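Peer 1: Sequence:
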Amino acid sequence: MIKFFRKIRQNLLSEGKTRNYLKYVFGEIILVMVGILLALQVNNWNESKKQSKKELSLLLNLKNDINIDIINLKHQDSVFSVFEADAALGIELFYKAKTVKDINSVINLTKSLWNVLYINNITYNEMISSGNMYAMKNKDLQKQITTYYLNVEGDKNYINEVNNEQAYLYNRMPEFYPFKFLTSQFKNPKIDLNLIDTTWINNPNSATYLALENYLNTNQETNNVYRRSVYKRNIEYSKKLLANINKELEIRNK
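Everything in the sequence shown is counted per our numbering, starting at 0 for the first residue and increasing by one.
What the hints contain is simulated information worked out from the structure, not anything from laboratory work.
Model, not experiment: these values are computed from the prediction.
A virtual CB, placed ideally from N, CA and C, is assigned to each residue, including glycine.
The reader is advised that the hints may include incorrect statements.
[Claimed, not checked] Derived BS3-like pairs: lysine-lysine, alpha-carbon spacing no greater than 27 Å straight-line:
#, residue 1, residue 2
1, Lys142, Lys231
2, Lys142, Lys238
3, Lys246, Lys52
4, Lys246, Lys142
5, Lys231, Lys97
6, Lys110, Lys100
7, Lys62, Lys52
8, Lys189, Lys73
9, Lys231, Lys53
10, Lys53, Lys110
[Said to hold, decoys possible] Pair ranges (Cβ atoms, derived):
#, residue 1, residue 2, range
11, Lys95, Asp196, 36 to 44 Å
12, Asn66, Leu112, 20 to 28 Å
13, Asn163, Asp191, 16 to 24 Å
14, Arg171, Lys52, 32 to 40 Å
15, Lys231, Asn156, 14 to 22 Å
16, Ser129, Val81, 23 to 31 Å
17, Leu88, Ser128, 41 to 49 Å
18, Thr182, Val78, 20 to 28 Å
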């Protein structure tokens, strides 16, 4: 093809048709430019198609992540619903407790977990690190996804703070030691519980009583009640985000 165009130019020059030669050269330049533009357009179209396929794949993975998160959140909520109900009974019993046996019952009722809030953000992190998040066509959906995971991160940080606070109350407060020593000896057959100081039981003037009261109520409010509110809120957010992702997938697959 190049030889063909070269031959035409040579013939025009040899025939002295300078004007025609210039027109031809100009036309050839235009033709080359059009070819380059078409090639760029095809390349851009191919890249756009690849990006679209990648985005769809990531959205499907994100959908699977959120579905699993909803199942896990519902399970955690069911676990902490039991803790919350039992703790309410335990706190009620605490204010009535008069014996070591009563305190033992309080502890059995007010058990809890200091677990972390886990949300699977593997796909989200991949979308961020690869730049696919910022290249999403649906900017509203992009904003919803980003907001969802930022809110989750905030909840995770707060729950970690709650865990640290509860751990401090339970493990480091000196006022708590008589209670911890008593509970650690409940099942020790060699220890006569009557010889252990229990004067703090049902004694609002005792520092140990006040420390335990604070721990039980804080555990109920910030660990059980608040944690359940986090689970419920994120379940609802997850469902809304999932519905919008499904809607986007339906539109893109038409």
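Peer 1: Compare the structure with the hints numbered earlier in the document and write down the numbers of the violated ones, lowest to highest.
Peer 2: Violated hints: 5, 8, 9, 10, 11, 13, 14 and 16; rest satisfied.
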